[in-house]
Amino acid sequence: DTEVTQTPKHLVMGMTNKKSLKCEQHMGHRAMYWYKQKAKKPPELMFVYSYEKLSINESVPSRFSPECPNSSLLNLHLHALQPEDSALYLCASSQAYSGNTIYFGEGSWLTVV
Amino acid sequence: DAKTTQPTSMDCAEGRAANLPCNHSTISGNEYVYWYRQIHSQGPQYIIHGLKNNETNEMASLIITEDRKSSTLILPHATLRDTAVYYCIVRVAGNQGGKLIFGQGTELSVKP
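If you're matching them up, the sequences are chains A and B in order.
Going by my numbering, the residue at position 62 of the first sequence is 62; the numbering climbs one at a time, nothing skipped.
Going by my numbering, the residue at position 46 of the second sequence is 1046; the numbering climbs one at a time, nothing skipped.
None of the hints are false.
Here are the computed lysine-lysine pairs in the DSSO-like style, where the Cα-Cα straight-line distance is at most 30 Å:
id: 1; chain 1: A; residue 1: Lys18; chain 2: A; residue 2: Lys38
id: 2; chain 1: A; residue 1: Lys19; chain 2: B; residue 2: Lys1099
id: 3; chain 1: B; residue 1: Lys1003; chain 2: A; residue 2: Lys38
id: 4; chain 1: A; residue 1: Lys53; chain 2: B; residue 2: Lys1099
id: 5; chain 1: A; residue 1: Lys9; chain 2: A; residue 2: Lys38
id: 6; chain 1: B; residue 1: Lys1069; chain 2: B; residue 2: Lys1052
id: 7; chain 1: A; residue 1: Lys41; chain 2: B; residue 2: Lys1069
id: 8; chain 1: A; residue 1: Lys53; chain 2: B; residue 2: Lys1003
id: 9; chain 1: A; residue 1: Lys38; chain 2: B; residue 2: Lys1099
id: 10; chain 1: B; residue 1: Lys1099; chain 2: A; residue 2: Lys40
id: 11; chain 1: A; residue 1: Lys40; chain 2: B; residue 2: Lys1069
id: 12; chain 1: A; residue 1: Lys41; chain 2: B; residue 2: Lys1003
id: 13; chain 1: B; residue 1: Lys1111; chain 2: A; residue 2: Lys38
id: 14; chain 1: A; residue 1: Lys41; chain 2: B; residue 2: Lys1052
id: 15; chain 1: A; residue 1: Lys41; chain 2: A; residue 2: Lys18
id: 16; chain 1: B; residue 1: Lys1099; chain 2: A; residue 2: Lys22
id: 17; chain 1: B; residue 1: Lys1111; chain 2: A; residue 2: Lys40
id: 18; chain 1: B; residue 1: Lys1003; chain 2: A; residue 2: Lys40
id: 19; chain 1: B; residue 1: Lys1003; chain 2: B; residue 2: Lys1052
id: 20; chain 1: B; residue 1: Lys1099; chain 2: B; residue 2: Lys1003
id: 21; chain 1: A; residue 1: Lys41; chain 2: B; residue 2: Lys1099
id: 22; chain 1: A; residue 1: Lys9; chain 2: B; residue 2: Lys1099
id: 23; chain 1: B; residue 1: Lys1099; chain 2: B; residue 2: Lys1069
id: 24; chain 1: B; residue 1: Lys1111; chain 2: A; residue 2: Lys41
By construction, these hints were calculated from the structure, which means they are not laboratory data.
These numbers were taken from a predicted model, which means no experiment stands behind them.
Okay, chain A solo, but in the shape it has when bound (with noise of 0.2 Å):
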């Protein structure tokens, strides 16, 4: 079983709103990550955790925060966002951050308006 789970499947916020978007897997993975996909083009990394710490950044916006309370979830918390930032939003995870296969969920629909 390869799978990840990413909640909510949609989400429209206000750009003064505060949400969050949840990724779990129960593979026993200990790295996990997030990419942001614009319409029409490929998906883009933001953060990997590797054992629960954060260890790449793309120089992600601070309005994006990530959160990972344990090795089996992983939280990218939402704030003051811009109509630009509305995309999908794909959680991953691996075996551990070391070339191994990457599994990708469904990812989240994000619309600011």
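With chain A fixed as given, assemble chain B onto it according to the hints.
Just chain B, lined up with the frame of chain A:
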């Protein structure tokens, strides 16, 4: 930046083999070739990966040239459900880890 070059789009007749090429002329000795696909509005799906030998699994075959500068993903009997964007990605493996950086991909349309 992505280190691969793929055609923007390809068509394939249903039931025929789909051969998707990828150029990665600057690949290093410790880099693998990964293939993912993304069906519209879904998350990317892992297909196959390889280092230098040809690989086959239940979804596809991966043929890597001897100089490792290019590869071909083969879907042996394409169906309409194989219509998707296919991404070829070069990625460092092993203890050094390696970011999965997506290029533009090939949009494959399987037609009846």
